[in-house]
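All chains, full assembly: derive it from the sequences and hints.
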Amino acid sequence: MIRKGFVEVNGRRVRDPSAELVVGDTIALLVEGDLEHLKRFDESRELVPSDIPLSILFEDRSILVVDKPPGLAMHPGKGVQVVTLIEGLLSYGNSKGFKPRLVHRLDKHTSGIVLVAKTPLSARNLTESFRKREVTKRYISLVKGTLTSEKGMFHDVADGTEEKLSFEVIKRYSDCSLITVHLLTGRKHQIRRQTADRGFPVVGDNVYGDRDFNRRFRERFGLRRYFLHCEQITVNHPVTGEKLSLSSPLPQDLQNVLEHLQ
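Under my numbering, the first residue of the sequence shown carries the number 203, and numbering increases by one thereafter.
Calculated from the structure, these hints are not laboratory results.
We put the CB at the ideal spot given by N, CA and C, even for glycine.
The hints are all genuine.
Okay, the calculated beta carbon distance ranges per label pair:
#1 Arg307 / Glu261: 17 to 23 Å
#2 Pro255 / Thr363: 34 to 40 Å
#3 Gln464 / Pro322: 48 to 54 Å
#4 Gly362 / Glu444: 34 to 40 Å
#5 Arg215 / Asp253: 35 to 41 Å
#6 Ser351 / Glu444: 34 to 40 Å
#7 Asn408 / Asp361: 22 to 28 Å
#8 Ser447 / Asp377: 29 to 35 Å
#9 Lys390 / Arg215: 17 to 23 Å
For lysine to aspartate or glutamate, the following EDC-like pairs were computed, each having C-alpha atoms within a straight-line distance of at most 16 Å:
#10 Lys373 / Glu352
#11 Lys373 / Glu461
#12 Lys298 / Glu261
#13 Lys390 / Asp358
#14 Lys301 / Asp262
#15 Lys366 / Glu336
#16 Lys445 / Asp262
#17 Lys334 / Glu364
#18 Lys366 / Asp399
#19 Lys390 / Glu364
#20 Lys390 / Glu365
#21 Lys298 / Asp253
#22 Lys353 / Glu370
#23 Lys390 / Asp309
#24 Lys310 / Asp269
#25 Lys334 / Glu365
#26 Lys445 / Glu261
#27 Lys301 / Glu261
#28 Lys445 / Glu336
#29 Lys301 / Asp253
#30 Lys390 / Asp361
Set out below in structure tokens:
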């Protein structure tokens, strides 16, 4: 839709999917048809800076790196009426004298590392690094089923869009496998979709996965979200060029699951 010119930012059409967005931008989706019968498109609401606990992994004058907990949405969207990460970052930025800029995202129930730019220059350079696939992202996930290969790659092309990830098995259990995933492209729900398409959905994922399996797993182990955590990001500093390797420990809820698995 972006390349076809159906999206406007601040009243101007954009055709570049990698175009930078900053807090306060107004985004419009251009549609045709009878508006009375079109589903309401309301993906935004007023941002309200909110003081929420932030787990800071790294900070300097150019970037902020936070450890996002599960259940916290990145920004307001359809049906999201609670406090979001960007609103917590706005509050923190107000107290420190900077305007936060998100340069990538994690799904609401995915935990782990989020990079935040503190200046326009950092935002541009980080966005470019993501676009050029110079950022290495490693996730840990528990998937349903037993993967027989020790490592492998999932590579798909649909409608001209490439999706690629590599995985390595850490441990096999009776009915699931613990894996690390290197995300080589960054598409929406990519890990969850690509694993599910091959018969190994992320445990706890009721959108792409097995709801009956997830229900039994939750009753047995208490897992209340899908098992997906961004545990490491390696990126060149957007100003100095220094290589940064950022790590996030496995959250306690996921640790509890592994401790009780056999």
